[in-house]
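Student: Let's have the full structure, built from the sequences with the hints guiding it.
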Amino acid sequence: MELLLFIVRRFLRLVLTILIISTIIFFVIRVIPGDPALVVAGIDASDDDIQAIRVRLGTDVPVGVQYVRWLSDIVRFDFGESMISGASVNKLILERFPLTLTLAVLGIMLGIIVAIPLGVLSAVHRWSFWDYFGMVYSQMGMAIPSFWLGLILLLVFAVKIPLFPLFGSDSLKHLILPAIALGFARAAVILRLTRAAMVEELSREYIITARAKGLTDRMIRYKHALRNAMIAVVTITGIQFGYMLGGAIIVEQVFSLPGLGRLFLYAIYQRDFPLIQGGVVFIAIVFSLVNFAVDILYSVLNPKIRIS
Amino acid sequence: MLEIKNLNISFVQGEKEANALRGISLSLKRNEVHSLVGESGSGKTVTSTCIMGLLPTPPGRINSGQIILNNQDLLLLEEKDQRQIRGKEIAMVFQEPARYLNPTLKVGDQITEMLILHLGMSNIEAVDRALEILELVGLEGGKRILDSYPHELSGGMKQRIMIAIAISCNPAFLIADEPTTALDVTLQLQILNLMLSLKNTLDMGILFISHDLRVVHDISDWVSVIYAGRIVESTSRKELFTNPKHPYTRLLLESIPDADKRGQRLQTIPGKVPDAENIPGGCAFHTRCPIAEDICKTDLPETKEVGSDNSGTSHTAACHFIGKQWKN
Amino acid sequence: MEKLIELKNIIKVFKSHKLISVKKDNYVAVNNVSLDIQKNTIFGLVGESGCGKTTLARSVMMLDPPSSGEIIYNGKNISGISRKELHPYRSRMQIVFQDPNSALNPKMSIYNCMKEGLVNRKFPKDKMDSKIKSLLDLVGISPNHVNRFPHEFSGGQKQRIVIARALSMEPEFLVLDEPVSNLDVSIQAQIINLLLDLKDEFSLTYLFISHDLNLVSYLSDEVAVMYKGEIVETAKTEKIMKKPMHPYTLKLFSSAPGKDSNNLFEADDSYREGLPEKFTYFPPNPDSTLQLIDIGEDHRVGCYTLNGS
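Residue numbers (my numbering), protein chains in the order written: chain U, -18 to 289; chain Y, 11 to 338; chain F, 247 to 555.
To be clear, the hints were calculated from the coordinates, so they are not data collected in a lab. We put the CB at the ideal spot given by N, CA and C, even for glycine. Please note: incorrect hints may appear among the correct ones.
[To be verified] Here are the simulated BS3-like cross-link-like pairs (lysine-lysine), alpha carbons at most 25 Å apart as the crow flies:
1. Y:Lys248 with Y:Lys334
2. F:Lys254 with F:Lys482
3. Y:Lys307 with Y:Lys334
4. F:Lys485 with F:Lys505
5. Y:Lys271 with F:Lys371
6. U:Lys204 with Y:Lys153
7. Y:Lys271 with F:Lys373
8. F:Lys322 with F:Lys445
9. Y:Lys248 with U:Lys204
10. Y:Lys271 with F:Lys285
11. Y:Lys271 with F:Lys489
12. Y:Lys271 with F:Lys261
13. U:Lys285 with F:Lys261
14. Y:Lys248 with Y:Lys39
[What the hints assert, rightly or not] Label pairs and their computed distance ranges (CB to CB):
15. F:Asn272 with U:Thr(-2): 23 to 33 Å
16. F:Glu523 with Y:Gln274: 38 to 48 Å
17. U:Leu(-15) with F:Asp345: 32 to 42 Å
18. F:Leu510 with U:Glu186: 20 to 30 Å
19. F:Lys377 with U:Gly227: 27 to 37 Å
20. F:Lys377 with Y:Gln274: 54 to 64 Å
21. F:Val259 with U:Val180: 34 to 44 Å
22. Y:Asp285 with U:Ile133: 55 to 65 Å
23. U:Pro79 with F:Lys474: 52 to 62 Å
24. U:Leu(-15) with F:Asp514: 35 to 45 Å
25. U:Gly227 with F:Ser314: 44 to 54 Å
26. U:Leu(-7) with F:Val259: 21 to 31 Å
27. Y:Asn133 with U:Val56: 21 to 31 Å
28. U:Thr(-2) with F:Ile539: 33 to 43 Å
Tutor: In structure tokens form, the structure reads like this:
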């Protein structure tokens, strides 16, 4: 009951966030100088043509009416049609989304598999080989830009040692190198936080109690400390996952992957306003959903949060 | 019997050495409360962590001493064997239950994990035993309590849970480090009474560590007063409170405010407790002592029998001038 | 005797600020408290943690103004006045907390800690040095140590510095919120003696908040016992020590450590010792309101009127 109430509360907050974000997007786009109808119509268009395009785009009515329409469209998840291709924005996004999502999931899995164990190991055996290794890794991870790492990975593992394909997106194999490029820096952040959280938990008083009970080191570390450290780790991992969806734009460009990132990049080049609007709202919704999921997971892990 | 013999412990950090315990001897009998009273920094907590085998070395260093339980010296045991003692033979209760309980683990798990580990019980057996223990520590609500998280319980209940954890394996000895300091007076009395009744039913020896002489008065059979890493006086409760010998004990007792002293100035002890890095030579108390003479600055007073009554109760103190009076 | 502070029906409610919640639970921290504090006396306020004693003190000082009720300071109602009008009262009322560590900025030297308040009340610059030094001297801190930082002092010394800083505002009224609870036994007596000396020297009035009954009974002229936001008993210290009336007071007194017998006093619902016929200690129905009745010589006990009378 407590948990349910908490979830409902968080869900309402999620809806509110999306509402605010879409309102901001709506007005930001209106503030950008220039009439999109002029862009679409081109220089030679007649006034009638332009007016027709305005009607098609829905920019012929007052801003207030446009805003209400915009909100009702969002509620129905209808972002209109691309001004360039004429295809529905929904269809374009949903076509591309699975690839980006797969990439981000692979990236975050890589982060979790590498970063969390290494972070725990670094914290448990401080100033050991693993700790130094982790430190060097996290420094590098934060310093190396993902596009450069992507290029180097391609050069080494696709060109010099052809373990992975250079182009394409047909199989999981095609996504391994992009996922590494995407996850490398995120993993560094997760690693550092895991280490810090674990070190902090190991210095808490309840650890002394656990030791006084005669528990083994293994139980103390993994049953008692890790459980508490995970609260912080889950939060940061969720946020990193959100970043990855945005960060995919660059990596998709490097590996020529037809994902969401590339879609939006071209939409921006071509001033495809409906697609840009739809894309930003879509990303915002996904980001909010990830945060929502993190909140729920957080409250499951941390019994205290449900009450306060 | 649990005997601590001449324990000497330092903390070493680089060039600095802090002599935290300078030859502590204590003996704990079953079914008896032995209180260790002292101010902060006097070495109370170092003593308890050392008995539990939880002293981090380094920075801690055991210079000499023995802790003897069942004819074996705990200090010589390997970590693996020490773990068999911890929680099972000697258990511990801490000051702030809110911080010493794992916030994300159900209370039940925190009790049963010891039963499973030390007594080899199955999960179901352990839960049954945990329910019995809850009753023993005066917590009603059985399964509901086992299923709750620490933050869902009140301060007094949390301390009862701490005690439940400690007594779960029927330990011979319990070390209680300021177990009621964080509690309100009404709860404090309840917890003290609970500890006394558990002592009797489980035939358990308690080392009660406290700074509060009034609480010590209420709970102890035997009292040892610790100052700057040495026991300065040790005797039965009755002797200590009616016939204190060491000037430190006498001053401490006189400095406690109560209604009878209304209108008078309180007795004070000038200065402060020395820190372990700079313990004065000779008798460590000489810098604050009203009856100190030159010899106190140079010679460490021996611990000797000072009892005056004929009942045979031992009363030891470490002072060159036992019985000497002073003017305020 | 002259009243310095009169509290009339102080109520402090904390409202819950949740966007969506099942029930709007407002928490009544202080409920209908009326007290008088006489000039140049020590008023002891005892109660267990969470009973509202600190909230009450903060309300009295207008740090957390009460939700309703009047605070009369020296004959003037200060509960409804503007910030600007309140300003002069701020320095007349000072507070000393339990933990001197959180009261002193660790990055500021003692000199700067002390200077802040003095600058605030426009103390002449040329006399600053000698003022700070004399204040520190007064509380037993060597004036040579003015440039040291808080961590270089022991707990007792830090508490002395906090007291010196409070005194620098030249207050008439000091709230002492568990000022010695964090200190070692041998240091507590030093601070208590210091507080008593200062009270005489500067004709101060103290509101002394503590859970330590022995200490309060040693120190204060009058005592009020607080329970769940309400005052359940108040009297001259000798009176209440000799003859505590309210069952909660009895429970509190019987659980104080250091006596020969210690049996926790627990009253049952029929307990009504010392009350006139038509009163009871326990609310006869949920809407009953507690009232303080005088049972003689300003010894006031909280009770309820029995139904039907």
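Student: Does each hint hold? Answer for all of them.
Tutor: Verification of the supplied hints:
| no. | hint | in the structure |
| --- | --- | --- |
| 1 | Y:Lys248 with Y:Lys334 | holds (21 Å) |
| 2 | F:Lys254 with F:Lys482 | holds (19 Å) |
| 3 | Y:Lys307 with Y:Lys334 | holds (17 Å) |
| 4 | F:Lys485 with F:Lys505 | holds (19 Å) |
| 5 | Y:Lys271 with F:Lys371 | violated (43 Å) |
| 6 | U:Lys204 with Y:Lys153 | holds (22 Å) |
| 7 | Y:Lys271 with F:Lys373 | violated (40 Å) |
| 8 | F:Lys322 with F:Lys445 | holds (23 Å) |
| 9 | Y:Lys248 with U:Lys204 | violated (46 Å) |
| 10 | Y:Lys271 with F:Lys285 | holds (23 Å) |
| 11 | Y:Lys271 with F:Lys489 | holds (18 Å) |
| 12 | Y:Lys271 with F:Lys261 | violated (44 Å) |
| 13 | U:Lys285 with F:Lys261 | holds (21 Å) |
| 14 | Y:Lys248 with Y:Lys39 | holds (17 Å) |
| 15 | F:Asn272 with U:Thr(-2): 23 to 33 Å | holds (29 Å) |
| 16 | F:Glu523 with Y:Gln274: 38 to 48 Å | holds (42 Å) |
| 17 | U:Leu(-15) with F:Asp345: 32 to 42 Å | holds (40 Å) |
| 18 | F:Leu510 with U:Glu186: 20 to 30 Å | holds (29 Å) |
| 19 | F:Lys377 with U:Gly227: 27 to 37 Å | violated (59 Å) |
| 20 | F:Lys377 with Y:Gln274: 54 to 64 Å | violated (32 Å) |
| 21 | F:Val259 with U:Val180: 34 to 44 Å | holds (42 Å) |
| 22 | Y:Asp285 with U:Ile133: 55 to 65 Å | holds (56 Å) |
| 23 | U:Pro79 with F:Lys474: 52 to 62 Å | holds (60 Å) |
| 24 | U:Leu(-15) with F:Asp514: 35 to 45 Å | holds (41 Å) |
| 25 | U:Gly227 with F:Ser314: 44 to 54 Å | holds (52 Å) |
| 26 | U:Leu(-7) with F:Val259: 21 to 31 Å | holds (27 Å) |
| 27 | Y:Asn133 with U:Val56: 21 to 31 Å | violated (50 Å) |
| 28 | U:Thr(-2) with F:Ile539: 33 to 43 Å | violated (56 Å) |
Hints 5, 7, 9, 12, 19, 20, 27, 28, counting from the list given before, are not met by this structure.
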